[in-house]
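Please arrange chain B on chain A, whose structure you already have, making use of the hints.
Here are the chains, one letter per residue:
2 protein chains.
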Amino acid sequence: MRIILDAFGGDLAPLEPLKGARAAVKEYGVEILAVGDVEKMTAVCRENNIDTKGIAFKQADGVFDMHRDAMDIVKKAKDTSLYVAFKALADGEGDAMVSAGSTGAVIMGATFIIKRLKGCKRPALGMLMPGKNPDGFLLMDCGANADVRPEMLSRFATIGKVYMEKVTGRQNPRIALLNNGTEDSKGDDVHIRAYKLLARDKNLNFIGNIEGRDILNDEADVVVADGFSGNIALKTIEGAAAFMNGEMKEMFKSGLGGMISAMLMKKQLKAFKKRMDYTEYGGAPVLGVQKGVIKAHGSSDANAFKNAIRQAVKYAENDVGETIEKALAESESGEENA
Amino acid sequence: MRIILDAFGGDLAPLEPLKGARAAVKEYGVEILAVGDVEKMTAVCRENNIDTKGIAFKQADGVFDMHRDAMDIVKKAKDTSLYVAFKALADGEGDAMVSAGSTGAVIMGATFIIKRLKGCKRPALGMLMPGKNPDGFLLMDCGANADVRPEMLSRFATIGKVYMEKVTGRQNPRIALLNNGTEDSKGDDVHIRAYKLLARDKNLNFIGNIEGRDILNDEADVVVADGFSGNIALKTIEGAAAFMNGEMKEMFKSGLGGMISAMLMKKQLKAFKKRMDYTEYGGAPVLGVQKGVIKAHGSSDANAFKNAIRQAVKYAENDVGETIEKALAESESGEENA
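Residue numbers (our numbering), protein chains in the order written: chain A, 839 to 1176; chain B, 839 to 1176.
Calculated from the structure, these hints are not laboratory results. There may be inaccurate statements among the hints.
Since the list gives no way to pick out one identical chain from another, each pair is judged satisfied if it fits inside one copy or across any two copies.
[Claimed, not checked] Derived lysine-lysine pairs resembling DSS-like cross-links, with alpha carbons at most 25 Å apart: (1) Lys953 / Lys1112; (2) Lys959 / Lys1111; (3) Lys1024 / Lys913; (4) Lys1087 / Lys1105; (5) Lys1111 / Lys1087; (6) Lys1004 / Lys891.
This is chain A alone, in the form it adopts within the complex:
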């Protein structure tokens, strides 16, 4: 198993991606193909005592700028580490890839360089988020498609179901539609129609609409969302968690009782903070494309890269792409090519 790593994507590149790569080699026994300026990467490894056993390097001169038009990745950015990583994946130099680069460019590259699965016109970004269930739920789409049609939401459900079964082993996952109320009459026209499509698909364990306040409560395994509100839910959780972490920190600083408690509870507090840090969680798979492409959070540290690599391994090991294609062909809901 060989995972391709865009070593120059993300805020902390290339040090953290390379540290994450090393940890992944050690823990999962995978090989890593690290893409970027090879001279810089080898220097960083040397300076930080990162063992390069199991890591191969592939040259790319440039870095894909976060503010650049995402579509540029397809044809105009061939010197960037992100493009070279995509090309290597397309050419079979690895089994799946990880990048913490521009979300838009990762989605565009996956769609047009790796190419879509049959039956899926609009790939989506999934995100495995921990809540009451520490193994998390899949939120999908969380950003690829701001404008959706009902048939797309129904396809997201089928794709999400396969991903959860294959990657987390959860059989017949509970599927819910993110909406502004639980009744089937809730939402805008797109969501009302999507509800009907989901309800009539016998291959899906559809449990109905879910509200923002319940998505962390382990009520559903797959939360289907349009890319606009899914993105807002994702980032709102991230922001709320960060805010509360900050408030809690202040609380432990206030008064003698707080300071003593901070010492007494050092270990628990660290674990709590980690658990509530939604930037630490692995990656978001681009789903609906022919190979595993995992988007890691822009501020990913070594641990987050390691987790993202683990997701890439699971994706490739379990033939997620093929199984999704098959499930879409058998799907009862939505048009073909939605």
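Here is chain B on its own, set in the frame of chain A:
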């Protein structure tokens, strides 16, 4: 100043509304007109030693069921406490009203019984939410309009600006558009066009798009949203806060250090929990209608009712409705009648 209270709206009615009414009379020196089954209300007051000084009672036999079609409030539910409260407000028996009843029915009643302001076809639900700034920011719309046009979003901004200036005293409030990215090219077609309208309106201090992760960070005073994603952001914050409160509680139960700390920090923990409980915060004003209508959270306790009454007082005292109408007439952005 007299505030009309739907004493049979919400999960904890009529006890908590009446306790809240009593507290408001005492703290703000207002009069309350409590609407509902008068016999029941007086019995509850007697049994719970609630001083009824300053509280008048008005009979309504029924209660508006939460699951009933919201539009029924306009013509088909004349025996309910919610309708009688609306009617009393329309007839000038009070200056503003508070209800913790069905959100949909409160919006419909405000729109069609109290009637819209000139220049505002689509009233919206605002919500003052505390974050890094304990006085909060206004999220609007958070549920009245699932389908919006760009002109509506621009009107929400003008309305929200007036509300913040009049009710919180914050001058020239910073206005941002809730979107799935900060660049002006982000979002679906509606949000891209709304951005342009907001940017060209010289009466607005428009600071651009805001992402879910930043709304609690005191970056904007008014967060303009379509009712669908605004509702999802609101409920997601509520759910994330409840989840983290629960996790924190568990943390303090684990191990001796946690338990000792829980004792040492009893006061801080209580304050923290209160601050993070988004169900405790006063009310959501229905904005764009002729009189003050405040929707309190369904699970409001006495304190939440008291806060909602305070919002109603401020609304009425400061001629919010008139000022909004004037501001809409002067607005440079959006069509008339959006």
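Tell me the hint numbers this structure goes against, listed in increasing order.
Numbers 1, 2, 6, in rising order.
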